[in-house]
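K.L.:
Each chain is listed here by its residues.
Number of protein chains: 2
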Amino acid sequence: MTADAETRAGTPGPDVVDAIRDEDGRLRSSFVEAVVAAIAANDGPRVCELAGDLHESDVGDLIETLEPDDRPKLIELLGKEFDFTALTEVDETVRVRLLEELPPETVAEGVRDIDSDDAVYILEDLDEVDRARILDQLPGPERVALTRSLDFPEESAGRRMQNEFVATPPFWTVGHVIDHIADTPGLPETFYEVFVVDPAHKLLGSVPLDRLLRTRRSVLMQDILEEDPRTVRATDDQEAAARLFERYNLVSAAVVDDADRLVGVLMVDDILDVIEQEADEDLRALGGVTGDEEISDTVLYTARSRIPWLLVNLCTAFFSASVIGLFEAPIEQMVALAVLMPIVASMGGNAGTQTMTVAVRALATRDLGGHNARRLIGRETLVGLANGVALAALVGLAAGAWFVNPQLGVIIGAAMVVNFVCAGLFGILIPIGLDKLKADPAVASGVFVTTITDVVGFFSFLGLASWWFGLSLR
Amino acid sequence: MTADAETRAGTPGPDVVDAIRDEDGRLRSSFVEAVVAAIAANDGPRVCELAGDLHESDVGDLIETLEPDDRPKLIELLGKEFDFTALTEVDETVRVRLLEELPPETVAEGVRDIDSDDAVYILEDLDEVDRARILDQLPGPERVALTRSLDFPEESAGRRMQNEFVATPPFWTVGHVIDHIADTPGLPETFYEVFVVDPAHKLLGSVPLDRLLRTRRSVLMQDILEEDPRTVRATDDQEAAARLFERYNLVSAAVVDDADRLVGVLMVDDILDVIEQEADEDLRALGGVTGDEEISDTVLYTARSRIPWLLVNLCTAFFSASVIGLFEAPIEQMVALAVLMPIVASMGGNAGTQTMTVAVRALATRDLGGHNARRLIGRETLVGLANGVALAALVGLAAGAWFVNPQLGVIIGAAMVVNFVCAGLFGILIPIGLDKLKADPAVASGVFVTTITDVVGFFSFLGLASWWFGLSLR
Numbered sequence: 001m002t003a004d005a006e007t008r009a010g011t012p013g014p015d016v017v018d019a020i021r022d023e024d025g026r027l028r029s030s031f032v033e034a035v036v037a038a039i040a041a042n043d044g045p046r047v048c049e050l051a052g053d054l055h056e057s058d059v060g061d062l063i064e065t066l067e068p069d070d071r072p073k074l075i076e077l078l079g080k081e082f083d084f085t086a087l088t089e090v091d092e093t094v095r096v097r098l099l100e101e102l103p104p105e106t107v108a109e110g111v112r113d114i115d116s117d118d119a120v121y122i123l124e125d126l127d128e129v130d131r132a133r134i135l136d137q138l139p140g141p142e143r144v145a146l147t148r149s150l151d152f153p154e155e156s157a158g159r160r161m162q163n164e165f166v167a168t169p170p171f172w173t174v175g176h177v178i179d180h181i182a183d184t185p186g187l188p189e190t191f192y193e194v195f196v197v198d199p200a201h202k203l204l205g206s207v208p209l210d211r212l213l214r215t216r217r218s219v220l221m222q223d224i225l226e227e228d229p230r231t232v233r234a235t236d237d238q239e240a241a242a243r244l245f246e247r248y249n250l251v252s253a254a255v256v257d258d259a260d261r262l263v264g265v266l267m268v269d270d271i272l273d274v275i276e277q278e279a280d281e282d283l284r285a286l287g288g289v290t291g292d293e294e295i296s297d298t299v300l301y302t303a304r305s306r307i308p309w310l311l312v313n314l315c316t317a318f319f320s321a322s323v324i325g326l327f328e329a330p331i332e333q334m335v336a337l338a339v340l341m342p343i344v345a346s347m348g349g350n351a352g353t354q355t356m357t358v359a360v361r362a363l364a365t366r367d368l369g370g371h372n373a374r375r376l377i378g379r380e381t382l383v384g385l386a387n388g389v390a391l392a393a394l395v396g397l398a399a400g401a402w403f404v405n406p407q408l409g410v411i412i413g414a415a416m417v418v419n420f421v422c423a424g425l426f427g428i429l430i431p432i433g434l435d436k437l438k439a440d441p442a443v444a445s446g447v448f449v450t451t452i453t454d455v456v457g458f459f460s461f462l463g464l465a466s467w468w469f470g471l472s473l474r
Numbered sequence: 001m002t003a004d005a006e007t008r009a010g011t012p013g014p015d016v017v018d019a020i021r022d023e024d025g026r027l028r029s030s031f032v033e034a035v036v037a038a039i040a041a042n043d044g045p046r047v048c049e050l051a052g053d054l055h056e057s058d059v060g061d062l063i064e065t066l067e068p069d070d071r072p073k074l075i076e077l078l079g080k081e082f083d084f085t086a087l088t089e090v091d092e093t094v095r096v097r098l099l100e101e102l103p104p105e106t107v108a109e110g111v112r113d114i115d116s117d118d119a120v121y122i123l124e125d126l127d128e129v130d131r132a133r134i135l136d137q138l139p140g141p142e143r144v145a146l147t148r149s150l151d152f153p154e155e156s157a158g159r160r161m162q163n164e165f166v167a168t169p170p171f172w173t174v175g176h177v178i179d180h181i182a183d184t185p186g187l188p189e190t191f192y193e194v195f196v197v198d199p200a201h202k203l204l205g206s207v208p209l210d211r212l213l214r215t216r217r218s219v220l221m222q223d224i225l226e227e228d229p230r231t232v233r234a235t236d237d238q239e240a241a242a243r244l245f246e247r248y249n250l251v252s253a254a255v256v257d258d259a260d261r262l263v264g265v266l267m268v269d270d271i272l273d274v275i276e277q278e279a280d281e282d283l284r285a286l287g288g289v290t291g292d293e294e295i296s297d298t299v300l301y302t303a304r305s306r307i308p309w310l311l312v313n314l315c316t317a318f319f320s321a322s323v324i325g326l327f328e329a330p331i332e333q334m335v336a337l338a339v340l341m342p343i344v345a346s347m348g349g350n351a352g353t354q355t356m357t358v359a360v361r362a363l364a365t366r367d368l369g370g371h372n373a374r375r376l377i378g379r380e381t382l383v384g385l386a387n388g389v390a391l392a393a394l395v396g397l398a399a400g401a402w403f404v405n406p407q408l409g410v411i412i413g414a415a416m417v418v419n420f421v422c423a424g425l426f427g428i429l430i431p432i433g434l435d436k437l438k439a440d441p442a443v444a445s446g447v448f449v450t451t452i453t454d455v456v457g458f459f460s461f462l463g464l465a466s467w468w469f470g471l472s473l474r
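Heads up: the sequence lines are chains A and B, in that order.
Going by UniProt numbering, the first sequence opens with residue 1, and the numbers climb by one from there.
Going by UniProt numbering, the second sequence opens with residue 1, and the numbers climb by one from there.
Derived by calculation from the structure, the hints in this document are not laboratory data.
Please note: incorrect hints may appear among the correct ones.
Stated by the list, open to error - Below, a sample of chain B positions facing chain A; criterion: calculated Cβ distance under 8 Å: (1) Arg243; (2) Leu283; (3) Ala317; (4) Leu340; (5) Met347; (6) Arg366; (7) Asp367.
Backbone N, C-alpha and C define an ideal beta-carbon position, used for all residues, glycine too.
The task is simple: from the sequences and hints, build the whole structure.
P.N.:
Spelled out as structure tokens, the structure:
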């Protein structure tokens, strides 16, 4: 019993987490309140005691949880104990605002101590002026390195890469390298492979640390190096790099410039963020939330950022309405059509959205491409037909019974089949088309698909009904 | 020039990829066709030449691209050159069907040579019988290890963990450990940290390889070990493990049993898959694609798997229709209402979906929790109000002009404001509520939100109009 109790205390892993986080992984309000109280009391020692030894991610979450005014106070009270890496873990809005409130010296001081990729991540969102003010505070070498990374395009591998890495000439022995690592201060905080470069700093290969350790000390690096390591160009898009990491299960990858000189290294933890971000963008885009809206944004900013999308839908909504407008007379003669028409449209919309979701995701993960596009277009159209027929039967029966009009049931059923086939066909054709046009399928597919299913739904149902029941159009 | 040309040839990284993949990272059809031809010609050497040295992920993609009948042929023709790890890279449907077609001896032979976590990944989807038939072919130790992993619940850390790891006693010196690693054959293929355990195999700590290399040979492991490594319990859910990796930027983590004994190690590349999968599930769920549908599924399977969701929407669609049914008489008297009502409903639906998307994602990433829920509910409601007013003005003007009836414009505008406020409020309340009820907000939120915006949209618009224009309800 006691032994077991000790055992538990022995592995702080999950338990430490539990101290500040609940089982869902959220920060405990009790903990947050304690920090808020300490900040209010301006009690530095207490704040350090509470948050000083926390992992940067926990500090980051803590900052986001605090009221905006308390955030800079927390950092001041933590003083030297505050690790600026924590700022890479908070929303951009929070970060930018916080950095503007802190004195540039403090930021420069903090940025100096952290890995270059984190420093870049923190500085890149600032406007030119603020950024310059901070960079000016940095000593030459650091400033040059950071400026070089910042010169690479946004969302490029060059922005995400770390400038610190371990590189050796090919003629060194494993033993020499191991001793070198043991004797050299100021090596990167973490690294998983040693790069082998020629005098021109051109990348010859890499040696994972486990392989280094498995090899006798007398062996030369050039004899054990991985000859074709997966490399990323500094100008490559970060998403391309992420896919490389995913596909080949990498933990780090060399970043080379256009002359194939080794300029940095990408780490998997940064790639994790990229992947999260990428999936996030797709998901929000499909939900009609474009732009970089964040949970910490204000009402006004959020409202404004969502308007464009709503305006697009406004136009498509009026377009669909105008289709209904063509059938005002028939609706007057048979008002049941007005009651039933939304069913055809919305069911088609749902079917189309299903197809579109699968297509958009498959395009994003590169599972859908030239070789299987034809097959999938066929599959989705047939799926639409199959489900269209199945649901048409149900809707037809229900509608026919509701309005005691079997023929009306047949008509709505027919319209549903037509709409479902269109839903399947365009649900996949539109994302593929947008992708071919180098547009992001996730962003625009939704409007097109639902507009088509609305228009086809209303038109086929009202049109068929008018024709079948001989309703005059004026 | 030539020098530069040589340089390029010197870094095969991207170039090797280019040989079989296009710039989008898709397999080149020229390459696929060559393989198909070789398979058709039953030309083993040619197949090996083409696909023998490929990375498992490339082989995996190749398998998926091939026609079902060619897949087992490819594996047979590759023979010893086929790395079964490739099967971890293909869809479940493809994998299961393929494994059923291959002789159990071949599969047993194959899973024997690969890491245990990959072996488990390959075997877990098979039904009891097939699995047993393969396990029986394995030598005792492997069989026991795999069976133990397979005994952990699905999607648990125990299923994803690797049984191979390097562990040392605390009193070993760094030098001793380094020599041990160099001298011991059959260590795990890749590892990033050395675990330190007591005689009872209880985890005392871990030493990252870079730290091992940075330390003098004479130092004892117990003096450099990370005292509280982030550990995962074998029974923990894989998503909880993934969040731990993300939060604390881990590349590997010790997996312990309930007695805190070290039983395995989780690797970041498996976590990458989990994260992808998790994001995927949210995205599909929001799109109404539940279940484990895959791009390689048949028409029938796909159609069936999508029906349940469409049936739910069928009911909600009829429910909304019944609301319209209440206003048959007013619509007959003023048919413009039928033309305009879908605008109110669909615009509200879009606004609600925007809010819901943000909420669902924030819940999934644990950014939305007790501490900020109230603030966000307030924000979303106000965003709804703000955008409702803005768009109400536009829609009101347009509708009023269209039907030369300013009053109708005012009515539709009022209805839109009402619907947008509801959209914002319920767009966030529903996901939070479902989350509190331990239901997956991503799966069910959509129906509820759009149903509410449809019903509120139709009811407020038709109701207000009937009242204002004094239209009789029968």
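K.L.:
A separate judgement is required for each hint: does it hold in the structure or not?
P.N.:
Checked hints:
no.	hint	result
1	Arg243	5 Å, holds
2	Leu283	5 Å, holds
3	Ala317	4 Å, holds
4	Leu340	6 Å, holds
5	Met347	6 Å, holds
6	Arg366	5 Å, holds
7	Asp367	5 Å, holds
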